[in-house]
Structure formats: C-alpha cells, structure tokens
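Protein chains in written order, with my numbering: chain F, 1 to 370; chain C, 1 to 81; chain S, 1 to 431.
The set of hints was computed from the structure by calculation and includes no laboratory data. C-beta: ideal position from N, C-alpha, C; glycine also. There could be a bad hint or two in this list.
[To be verified] A partial selection of chain F residues facing chain S, derived with a Cβ cut-off under 10 Å:
{"hint": "1", "residue": "Gln281"}
{"hint": "2", "residue": "Ala302"}
{"hint": "3", "residue": "Pro355"}
[To be verified] Heads up, incomplete: computed chain S residues facing chain F, CB under 10 Å, no partners named:
{"hint": "4", "residue": "Glu78"}
{"hint": "5", "residue": "Leu316"}
{"hint": "6", "residue": "Gln319"}
{"hint": "7", "residue": "Ala373"}
{"hint": "8", "residue": "Met378"}
{"hint": "9", "residue": "Arg402"}
{"hint": "10", "residue": "Ala408"}
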Amino acid sequence: MSGAIATYDLIVIGAGIVGASCADAASADGLRVAIVEPGPIGGGATAAAMGHLVAMDDDPAELALARYSLQQWEAFAELKEAEFSRCGTLWVARGEAELDAAALRVARLGAAGVEAHLLDAKTLYELEPALAPNMSGGMLVPREAVVYPPRVARYLVQRAQSCGAHLYAGRSVQTLIRGGAQLDDGTTLSGPVLVATGCALPALLPQLPMRARKGHLVITERYPNLLRHQLLELGYADSAHGDADSSVAFNVQPRPTGQILIGSSREFSATDAAVSPAMLQRMLERSFSFIPALRGLQALRAWTGFRPTTPDGRPYLGAVPGTTDQWVAAGHEGLGVTTALGSARLLLDLIQSRPPAIDPSPYAPSRMAA
Amino acid sequence: MSSTVRLSVNGQAVDVPVGASVAAAMAQVSLHFRRSVGGTSRAPLCGMGVCFECRVRIDGVAHVRACMTPVREGMQVQSHD
Amino acid sequence: MTELYDVLVVGAGPAGLAAAQAAAGQGARVGLIDAQARPGGQVWRHDVRRAAPRAAREAIAHLHGVEWLAQHSVIAAEASALRVETPQGSNLLAYGSLILATGARELLLPFPGWTLPGVTGAGGLQALTKQGWPVAGKRVVIAGSGPLLLAAAATLRAHGARLQGIYEQASTATVHAFARQLLHWPARAVQALGLRARLFGVPYHFGSFVRHAHGDTALQVVEIETPNGTQTIDCDLLAAGYGLVPNVELASALGCSLTYPGAHPQVQVDAFLRTGVANVYAAGEACGIGGLAVARLEGTIAGHMATGNTEAATALLPQRNQARRFGDLLTKHFALDPRLRKLADQQTLICRCEDVTLGELDAFSDARAAKLATRCGMGACQGRICGTALAELGRFPRSGSRPPLFPARLATLAGAATFPSSDDEYRGSRS
Numbered sequence: 001m002s003g004a005i006a007t008y009d010l011i012v013i014g015a016g017i018v019g020a021s022c023a024d025a026a027s028a029d030g031l032r033v034a035i036v037e038p039g040p041i042g043g044g045a046t047a048a049a050m051g052h053l054v055a056m057d058d059d060p061a062e063l064a065l066a067r068y069s070l071q072q073w074e075a076f077a078e079l080k081e082a083e084f085s086r087c088g089t090l091w092v093a094r095g096e097a098e099l100d101a102a103a104l105r106v107a108r109l110g111a112a113g114v115e116a117h118l119l120d121a122k123t124l125y126e127l128e129p130a131l132a133p134n135m136s137g138g139m140l141v142p143r144e145a146v147v148y149p150p151r152v153a154r155y156l157v158q159r160a161q162s163c164g165a166h167l168y169a170g171r172s173v174q175t176l177i178r179g180g181a182q183l184d185d186g187t188t189l190s191g192p193v194l195v196a197t198g199c200a201l202p203a204l205l206p207q208l209p210m211r212a213r214k215g216h217l218v219i220t221e222r223y224p225n226l227l228r229h230q231l232l233e234l235g236y237a238d239s240a241h242g243d244a245d246s247s248v249a250f251n252v253q254p255r256p257t258g259q260i261l262i263g264s265s266r267e268f269s270a271t272d273a274a275v276s277p278a279m280l281q282r283m284l285e286r287s288f289s290f291i292p293a294l295r296g297l298q299a300l301r302a303w304t305g306f307r308p309t310t311p312d313g314r315p316y317l318g319a320v321p322g323t324t325d326q327w328v329a330a331g332h333e334g335l336g337v338t339t340a341l342g343s344a345r346l347l348l349d350l351i352q353s354r355p356p357a358i359d360p361s362p363y364a365p366s367r368m369a370a
Numbered sequence: 001m002s003s004t005v006r007l008s009v010n011g012q013a014v015d016v017p018v019g020a021s022v023a024a025a026m027a028q029v030s031l032h033f034r035r036s037v038g039g040t041s042r043a044p045l046c047g048m049g050v051c052f053e054c055r056v057r058i059d060g061v062a063h064v065r066a067c068m069t070p071v072r073e074g075m076q077v078q079s080h081d
Numbered sequence: 001m002t003e004l005y006d007v008l009v010v011g012a013g014p015a016g017l018a019a020a021q022a023a024a025g026q027g028a029r030v031g032l033i034d035a036q037a038r039p040g041g042q043v044w045r046h047d048v049r050r051a052a053p054r055a056a057r058e059a060i061a062h063l064h065g066v067e068w069l070a071q072h073s074v075i076a077a078e079a080s081a082l083r084v085e086t087p088q089g090s091n092l093l094a095y096g097s098l099i100l101a102t103g104a105r106e107l108l109l110p111f112p113g114w115t116l117p118g119v120t121g122a123g124g125l126q127a128l129t130k131q132g133w134p135v136a137g138k139r140v141v142i143a144g145s146g147p148l149l150l151a152a153a154a155t156l157r158a159h160g161a162r163l164q165g166i167y168e169q170a171s172t173a174t175v176h177a178f179a180r181q182l183l184h185w186p187a188r189a190v191q192a193l194g195l196r197a198r199l200f201g202v203p204y205h206f207g208s209f210v211r212h213a214h215g216d217t218a219l220q221v222v223e224i225e226t227p228n229g230t231q232t233i234d235c236d237l238l239a240a241g242y243g244l245v246p247n248v249e250l251a252s253a254l255g256c257s258l259t260y261p262g263a264h265p266q267v268q269v270d271a272f273l274r275t276g277v278a279n280v281y282a283a284g285e286a287c288g289i290g291g292l293a294v295a296r297l298e299g300t301i302a303g304h305m306a307t308g309n310t311e312a313a314t315a316l317l318p319q320r321n322q323a324r325r326f327g328d329l330l331t332k333h334f335a336l337d338p339r340l341r342k343l344a345d346q347q348t349l350i351c352r353c354e355d356v357t358l359g360e361l362d363a364f365s366d367a368r369a370a371k372l373a374t375r376c377g378m379g380a381c382q383g384r385i386c387g388t389a390l391a392e393l394g395r396f397p398r399s400g401s402r403p404p405l406f407p408a409r410l411a412t413l414a415g416a417a418t419f420p421s422s423d424d425e426y427r428g429s430r431s
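Produce the complete structure using the sequences and hints provided.
Here it is as structure tokens:
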C-alpha cells in the first residue's frame, strides 16, 4: 500500500463511540467515508465507560447537546447490540440541602424537556431498598438508560461499512497533511479529515488543549435484583465538574446482566493506566456509604480509563481554527457516550452546510484560538 | 479418619468426611451446581479453583467456589440458579 | 493491618514447601500462603480418605518456623506487599523477598459436550476425588495426555472408581520412545512401573482421544477417536486433561518478564531463579513444566537465594539442571496431536463463564476486541480457561489480565481487614 492514494469525502480518524457515530452519520448522508483506527473499535475511553445515557443540567449548552443526543439514542432502544436498558437515573440526596438543590434541578431539566421527579425518602427506599439509612430523598429521571458502548461503536462502524465506508483497521494516522492524512504504512488518504481521537487529540491537533482525566471502575459478579436504577449522589457534579486534582463520587449501575458497575473517580495528575489501590479504596468506601451491601459482593475486574477533557468541559465540535477541511469531534469528558450521536449529527450539519438543530457556537473549537 | 460432617445440600442432609469439599458434598445430591448464563447445568471442571464452574450458594452467600470450600457442620448449600 | 515477612512464599506445593523450609532454615521470618485449606499443592493434595505419600508428609512436617497461612488468596500486588483475602477478611502481607511457587493448572481443551456435568479435567477429577467426591462404583473414562493421566487413574481406582480405560493422545510409538528414555531416569521408571502395577487390568490406549461427549443434563456417553476408528463408551465421568500450563498471573502483575516457549507463558528466571524484579524469585512449574523433582529442587534453591545463601543454592544447580531435562522430555513426547485443536465446532462453547461459542469468535484476531464484542473472557475465571484454550487453538493469545488476580469481595479491594457479618450484608438474589 506504500505510496498509494485513496480519495474520500470524509476521513474519520478514531473509531471510538464519537468517531463511529460520525462515520455512521456521514455514510448515511451518502459521503464516501474512510475510518482509521489502530486498535479495537471502541477500545479506548468507549470501552472503559459506564455507558450511562444521562442529561447533566449544570451547563445549558451541555444540556442542550445531551437532550438532542438522547432523542437519537431512542432509535437504539430495541437494538440487541446496544444492550439498552431503561433503568432510569436516580439521584440520591443526603441531607435537606441536597434535596433542595434537587428541586431546582427537576425544574431545570423539566424546562429543557427532560422528565424528572422529586422523591421523598419513603419513595426513594421503595425504589431502592438497598440504600443506606438516613437518605433524604432524591430525583428520578425515569427515561434515562444504560447501553454497552463498545458494541454500539462496532455496530455503527459496521453500518457505515455496509453503506460503503472503508475501515483502515490496525492503521494509525501519522500526520495530517494538506488535503488529507498520511497513514503509518505510507498510504495517503485524500479528502477532508475529522479528528475524533479523544485523549490522543494533541498528537494531531496540538493547538487544541486536552487533558486526560483518569477514572476507575469495578464490576461485580451477577446479583440480579439488588439495584434497579443507575444511582448517583446529588453531590456528583461537585466531583465531576469541580477542578480538584482527585475526587470520588457515588455512581453505581445495575448492568442488564445483573452485574453491578461501580464508579467513579477523577484524577488529573495520574498518567499511568494502572489501577491505584488507594483511589479504588476511596471510591469503594464512598459507594459503601450509600449501598452497604456492596461490601460482600464479588468483584470480577477493576480497570481505568481516561476522559478527554477540555479546559471549559465542553467538547470541540466544528472546524479546526484556520482550516476549511479539518474537523474535530473530541473532548466529551464523561459524556461521550450520551452525546456521541448528537455530536455526530451536529458536525455533519456543519460539514454539509446545513443549519444545525442546536446552536453549535458553544462547542466551536475556535473558542480556544488564542 | 471416620469422623464425618453433616450439612444440608438443596435441603437434603448429607454426611461427608471431615475436610471434604463442598463440591464433594454437592455431588452426592446433584451434578447441577449452577445454571450458566445460557441456561445449561454446570458442574466442576478443574477441581482446583480456577474455572469457577462449581459456584454455589453457601449459607446464603452467592458465587462461592464449592471446590475451594471445606465443609462445616450445619452448612446450608444450594445450587446456583 | 500489615504483616511483614522476611520471605513470603506463594503456593504450598512441593516447590513452595521446599522454599519455605530452606528459607526458615536460615532463621528468616517465613510466611507460606496458599488459597487451599491444606498444604501440598496439586500433586500432594491432601486426601480425606487416604494417607499422603511419605515425601509429602515429610515436607509438610518439616515446616518448623514457617507460618502457614491457609486459604489465603492473593488478590493484588502492591508495593513490596501482597493483598490477600481469607474467608474472614483481608490483609496486606509485606515482604523482604518473595518466592513465587504458583505451580500450574491443567490445560483443558474444548470439544463438543465438554460443558456437560460429569466432564472434568484429569487432574481435576483427581483433586475432587481426594476431597471426597463420590467416585466409588462410577464408570470413569480417563483421557488426554501425559503421565498425569496415570496418576489420576491410580487415585480414582484407589477410591473405587470403575475405570473404563485410559486414552492417551500420543501415539504408541512416541509413548514407547518415552518409556525407553525413562531408563535414563531410574527414579521415574520405578514410579511409572509402580503406577502401571496399581493400574493392572486397566486398558491404556494410545493415539486416542475423546472427540465428543453426549448426555442430556449430565454426561452419558463419550465418543473416542482411536487408530482403529471411532468407539463409543457409556460412562458417568470423563476426566480429560491435556497437560499443564504455568500459573503466571501474579508474576505478571508484579512486572516479571514472561517467555512463550509455546502457546502459553511461563515466568522468566535466570540460573538462580531470580525474576527481573528485585527480590522476587520463581520456582517450579510456574517457570515451565518440569515435574515434582524440579519443583522441590527449585523451591530449595529459591529459599536459599531469598535468604542470601548463594553457596547452598549453587550446589544444587547441576541437579536441578538435570531434572529440568526430564520436563523437556515430557514436552517432546506428549506434544499434542493437531487434530485436538479442531475438535470444537462452531457451536461449542469456548467461554464457559459467559457462554460464548467458537463461531462467535471467528471475526476476531485479538483477545481484547473479541472480549469487547462478545464478552468472551469477561467472566469469573478471568479468561484462565477460555483464554488458555484459545491460545492453544492458535486463535489469539490471552489478553492482559486486570486486577483483582482472582474475584474478590469489594471489601477486600477497599482494604477492609474484616468482613461485615451483620444482616446488612447482601446475600445474593432476593428471588
């Protein structure tokens, strides 16, 4: 293949959930698409993720993108590969102050068109009897769901391939060149590029700042019926969006298999992928304080992943500043699975010069141009 | 060497030698140790704690390897369904 | 709560017992840990009904000054310490030197029907039997490869099993060639003859292997491929094992280098059994299948090395090198018939934890991609069975393992010293 040139309408670099969604959307639009992925499809942050489809309401722009994307996820509700389970999200309040904050969030989500209910303590325990005593109540977002992200990414790539997309599996992009990209085997791909490489973005687009925010997860054996909803603490946003160098939050999910998936941790300064016993301990202690019965469950596996994090917490979706044929879709931090489908649709509208369904300006990469 | 332990396997009383494994006690009653994800019966394969096919419920605790667990008087053992 | 040992030995089989004894002889504080309730490992596994061989009794009796830590399962490697789980709680065991005597497990190959209850490994059924599994009067077929088949057969017969035959996959010619080589190893020859005598009257077939097991809810019939065509045999139990595979998971977690002489990894050590990691030694089967004599010698050498007694270790090297040559002989003569790697069909389950068939894995050329798409290797055995089988079948090597080394309670991963026993502990499904 060395020296060969192939021409495409769009060269999607990276086949995580975001790149896969973009490749799928572009192929559906009739574009001739190339996908370049050096590892397994959905093998990076996509594989490490919890797969929780959730609307976070603390940033209006993030909420708009999530809401837009969640509507598109409905098309996958019956897809076997998605392992879609509409368990709903239950936000748990510890203390009256958190419950008061929950009331505000119910209102904000409602205004954005997301169904949410405030729960008193009695209802909370009816829904999740395994919760520790002394919780004050919570907020239920009943339509939210969980999926299995790497299989969805694979499905999307295969669907793109069935529309004619070409997958360069096991290949990586060495450099972006004028009018295309150069692969590690010497192949030149000619056409507009879309960089969706998550944490690896700086290798190709160093002008767009990106940090990797490490997270830990643990999964257990099957314990059907212990938990019914994706559970988070209402203080979650303090951990998720705070800037502390390391933090943990209660974030536990019943998988459709009956397994329990336990998170979450966030670290900026940790760069190696090894599981840190100390972080694991902190994270698990946090989860035990909400669900004491977790202590005795058998853990099968612990792993880490890295969330691609931009300085303002919003993804880069749009043209690379100063270019007309380079696009970027990266930096979704912990919401890449939720917002992948909407991000792809938004980006394809921009690429195809159609008016997008939501305002693209909050995500414009040009906001970082110094 | 003749002393035995009495335990309950799927509700049935079983006597096994002291030091025997729960797997041995279970096998006196049934070769159905657990139901697999796909719904078929499973029983021990490796006998040494590696394969996890012998998982049973012991005194209410799920997912315990029968081959790695010595019997105790009065233990309640159940197939894992 | 952290305990500190001068020398910590992982695995209480022949290698670990010898290592602990040698280290304790130097006055070191020695801890010997094993996931099993009794010392002996697999080859010297405690038999609830019959006395142990004299060598085993002696090795176990000689553990003066060694702290025997039963039912300690190593969950994770931390900085110069191992996180262990016991039935009661968990603990952190710190060490000055560490000796890995983690032994081997059986190579179990998939074939149609291998998930039926009643189908076990050969060493597997031997181990179960020693722990009281009822085999008296049961019709048992023994199949697979290597001298372990004879050892398993002898145990089963002693416990009253009705042996229907031993089916060795290696050909008559290669087994005879092996037997001739045994003349150079008088102790082995005596051992082999002793086993044969105890198995008098049990047919021992060569060039034969089980191709299919049948039954409704449990094993009823096996189909055996022989040089003279296919035979079917009615039986209650099938004990099928194809040799041994080193246990390297802990070594790998510690950062020790592994080598791949064939499809399966073993721990890389230098002449003095040092791994590449400071103060970590490995001995016995973990460093490559070599048998009992190798394990005992290497255990002793590692015990000496871990206590700075290089002279005593050096003196044993010639004997150890000689013993290792026997392992090479086994590998050579019991090489697997390529047809064994073709027994599984598209519908045969490969991943027994998550029920993934061989056919579902056809699209994949690496373990991680296969795992993400099919769940193969995501279950409780953590890929020990399916990953090893797929490597042997030539599909792809097992993917890197993730902590914990064995499934463990969440409380253990959280560093809790004891487990709650109160009513708030979840006891599984409410259904």
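Here is what the structure says about each hint:
{"no.": "1", "hint": "Gln281", "result": "5 Å, holds"}
{"no.": "2", "hint": "Ala302", "result": "5 Å, holds"}
{"no.": "3", "hint": "Pro355", "result": "37 Å, violated"}
{"no.": "4", "hint": "Glu78", "result": "6 Å, holds"}
{"no.": "5", "hint": "Leu316", "result": "37 Å, violated"}
{"no.": "6", "hint": "Gln319", "result": "40 Å, violated"}
{"no.": "7", "hint": "Ala373", "result": "6 Å, holds"}
{"no.": "8", "hint": "Met378", "result": "7 Å, holds"}
{"no.": "9", "hint": "Arg402", "result": "5 Å, holds"}
{"no.": "10", "hint": "Ala408", "result": "6 Å, holds"}
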